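Engineer: As a plain string of letters, each chain reads:
2 protein chains.
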Amino acid sequence: MEFEKENSAGYLVNHMARLFAKELQQRIAPHGIVVGQFPILLELWQKDGVSQKSLLDKIDVEQATLANTLNRMERDGLIRRTRNPTDARAQQIWLTNKATALREYAYASAQRVNAEALSVLDASEQAHFMEYMSRIISGMRAS
Amino acid sequence: MEFEKENSAGYLVNHMARLFAKELQQRIAPHGIVVGQFPILLELWQKDGVSQKSLLDKIDVEQATLANTLNRMERDGLIRRTRNPTDARAQQIWLTNKATALREYAYASAQRVNAEALSVLDASEQAHFMEYMSRIISGMRAS
DNA sequence: TAATATTGCACAGCATGCTATGCAAGTGGT
DNA sequence: ACCACTTGCATAGCATGCTGTGCAATATTA
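Those protein sequence lines, which keep their order, are chains X and Y. Heads up, the first sequence is in this note's numbering, so the first residue is 520 and it goes up one at a time. Heads up, the second sequence is in this note's numbering, so the first residue is 520 and it goes up one at a time.
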């Protein structure tokens, strides 16, 4: 029995994800941020001064992955970390001016990548595609 | 203006890809193979003794990534590499018995992951989803 | 209050992917 | 035959993700 990778959902999903990441990377890397930092920045642009734990609840990566990415962001001057005065275990994560300034540009870049990638689908197909992904993710997270 | 990651195709694609990889990893890792080796094994199960270049044409990763993964596969006793007698630059890549024996199990694992992940969609939706992904990948590769 | 459990975070080690670079082996043109 | 180009592969260095583990600070329970 054969196994055609072109008919394997997992294979296509993986390939598609790498293409998305590569595309976004090319647009934002020249501005000093990289794709893994994106979800974190999205949260911090909405509200910073939060704990690592609070970020973790909103971002679907493991705690160790988040800690590593935050290290690189601190190294690159995107965030600062302070101790929470009422809980010495916890930290508060703050955006630097540099990171704050990148917000609109980053939003626009992501939206352009999304729009271009989905441009091969019409509006109704795009909506279905997004809905299918949401359902698949919910189903897989539950299991 | 806000940017909702739940409405970002790139974010969902990335998340979905990690869930797929994690799921497949859990099933195949106990048998001594890992997800990155999967596409390579798929090709070699069809035909081995081929060159790295010939694998590269069929698998959508960079040449350096392939070379690294092949190194790990050789280390783990999944493949052997011999020199091509008529071209000293090229190599021939052969599966070991260990790798050959894993074939049906690996096929079944991948198919089960795919089926379970897509089980939240009905047959028609699944077909559309796969088609959308193919079109998106084609479009992004072209650009 | 003392012992125990939980929480918040860090670090080590690894796989997978990328870009950039180098190099030896073949190919082609002169 | 020689020089330049191309081809096939390897390596370095990095980012992103994972699991496993450890630890100090808080919370809970006996």
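I should point out that these hints are in silico values taken from the structure, not numbers from a laboratory. Being a predicted model, the structure only gives us computed values, none of them experimental. Treat the hints with caution; some may be incorrect.
Where chains are identical, the list cannot tell them apart; a pair therefore holds if satisfied intra-copy or between any two copies.
For lysine-lysine, the following BS3-like pairs were computed, each having C-alpha atoms within a straight-line distance of at most 25 Å [to be verified]:
(1) K524 with K566
(2) K577 with K617
(3) K566 with K541
(4) K577 with K566
(5) K617 with K541
(6) K572 with K541
(7) K524 with K577
(8) K617 with K566
(9) K524 with K617
(10) K524 with K541
(11) K572 with K524
(12) K541 with K577
(13) K572 with K617
Engineer: So, for every hint listed, does it hold in this structure?
Structural biologist: The hints, checked one at a time:
In this homomeric assembly, K524 and K566 come within 25 Å of each other (Cα to Cα) only across copies, at 15 Å, whereas the closest approach inside a single copy is 42 Å. In this assembly of identical chains, the alpha carbons of K577 and K617 lie at most 25 Å apart only when taken from the same copy (23 Å versus 42 Å across copies). With identical chains, the CA atoms of K566 and K541 are never at most 25 Å apart, being 27 Å at best within one copy and 30 Å at best between copies. Proximity of K577 to K566 under the C-alpha cut-off of 25 Å is restricted to the intra-copy arrangement: shortest distance 12 Å within a copy versus 45 Å between copies.
Taking CA atoms no more than 25 Å apart as the test, K617 paired with K541 passes inside one copy only; the shortest distance there is 23 Å, against 35 Å between copies. For the identical chains of this complex, K572 and K541 are inter-copy neighbours only, at 22 Å across copies versus 28 Å inside a copy, given an alpha-carbon limit of 25 Å. Taking CA atoms no more than 25 Å apart as the test, K524 paired with K577 passes between copies only; the shortest distance there is 10 Å, against 33 Å inside one copy. For a Cα distance limit of 25 Å, the shortest separation of K617 from K566 inside one copy, 16 Å, qualifies, whereas the shortest one across copies, 52 Å, does not.
Only between protomers do K524 and K617 lie at most 25 Å apart by alpha-carbon distance; the minimum there is 22 Å, versus 43 Å within a single protomer. Both within a single protomer and between protomers do K524 and K541 lie at most 25 Å apart by alpha-carbon distance, with minima of 21 Å and 18 Å respectively. With identical chains, the CA atoms of K572 and K524 are at most 25 Å apart between copies only, with a shortest distance of 19 Å across copies and 38 Å within one. When the C-alpha separation of K541 and K577 is checked against a cutoff of 25 Å, the pair qualifies both within a copy, at 24 Å, and between copies, at 19 Å.
In this assembly of identical chains, the alpha carbons of K572 and K617 lie at most 25 Å apart only when taken from the same copy (23 Å versus 43 Å across copies).
Hint 3 from the earlier list is the only one contradicted by this structure; the remaining hints agree with it.
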